[in-house]
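Peer 1: Construct all of the structure, not just a fragment, from the sequences and the given hints.
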Amino acid sequence: MAILFSVLLLNKIVKLLSIQGRNEYSKQEWFASLLPFSLVAVAGTLNNELATVFLGLLGSDESIGYFKVAMQGIIVLALGLQAVNTVSGPRIARMYRLGQFSETQKLLRKSARLSFISSVPLAVFLMIFGSDLIKILFGDAYLLAANLLAILCIGQIVNVSMGSVGLVLNMTGNEKRTLRAQVITIIVTVILLSILIPFFEATGAAISVSIGLAVWNFIMAYDVYRLTGLKTWIH
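Mapping of the sequence shown onto the working numbering: residues 13 to 247, in sequence order.
Think of the hints as simulated: they come from the structure by calculation, not from any bench. In this text the structure is predicted, and so the values were computed from the model without any measurement. No residue lacks a Cβ here, since even glycine has one placed at the ideal position from N, Cα and C. Do not rely on the hints blindly, as some may be mistaken.
No farther apart than 30 angstroms at their CA atoms in a straight line, the calculated lysine-lysine pairs in the DSSO-like style are these [what the hints assert, rightly or not]: (1) 188 - 122; (2) 80 - 147; (3) 188 - 118; (4) 118 - 243; (5) 243 - 188; (6) 122 - 243.
Label pairs and their in silico Cβ distance ranges [unchecked claim]: (7) 80 - 130: 23 to 33 angstroms; (8) 57 - 239: 21 to 31 angstroms; (9) 196 - 133: 26 to 36 angstroms.
Peer 2: Here's what the structure looks like:
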């Protein structure tokens, strides 16, 4: 996540340097974008580690192991959306800057569908055969992670269904809204982790992470539509 936002930060700087053919940049403009992006990266990293931290505080050592095993499968699922964002991000920023809103919407629709097609079949596969894969890769001792993997897969299906929400907000100069969504998501996730882990341990952590991811996507998709009129979700 930190790497992704670092790339977005560099793209943002390049965009600022090239606006209207200028060779010099405004320090005020530079730092106005730099601070929100930096805070978003910090908040994203914090959000990614919350479940593990709370499991360490409120759960057992075994629950941490189960959760980390389940998260390995989720990393693979995220690759589809990241690949689409890498390819479409610069085009989205350029077309939006040029006022080509219809073309931008078409690209977002296509990108959402590509992300969905590339990720959802794999998510379904992991939900059905996750226990077999975990048994082969990690052994019988980690079979309980299969249920966590299924819960996290549901969160990822929501994630890819909503499209490139963070990318669009950041590329259209609304990175402060991204930061706001991250902060709200952290608060929601912390509350859920505090309530669910004492009763359900790793399962509670997986549920909290998936709900937090859904909240983040819904907030961002709403902000994108309200601020730009663009629909990022699959439709």
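Peer 1: When the structure is checked against the list of hints, which entries are broken? Sort them ascending.
Peer 2: none
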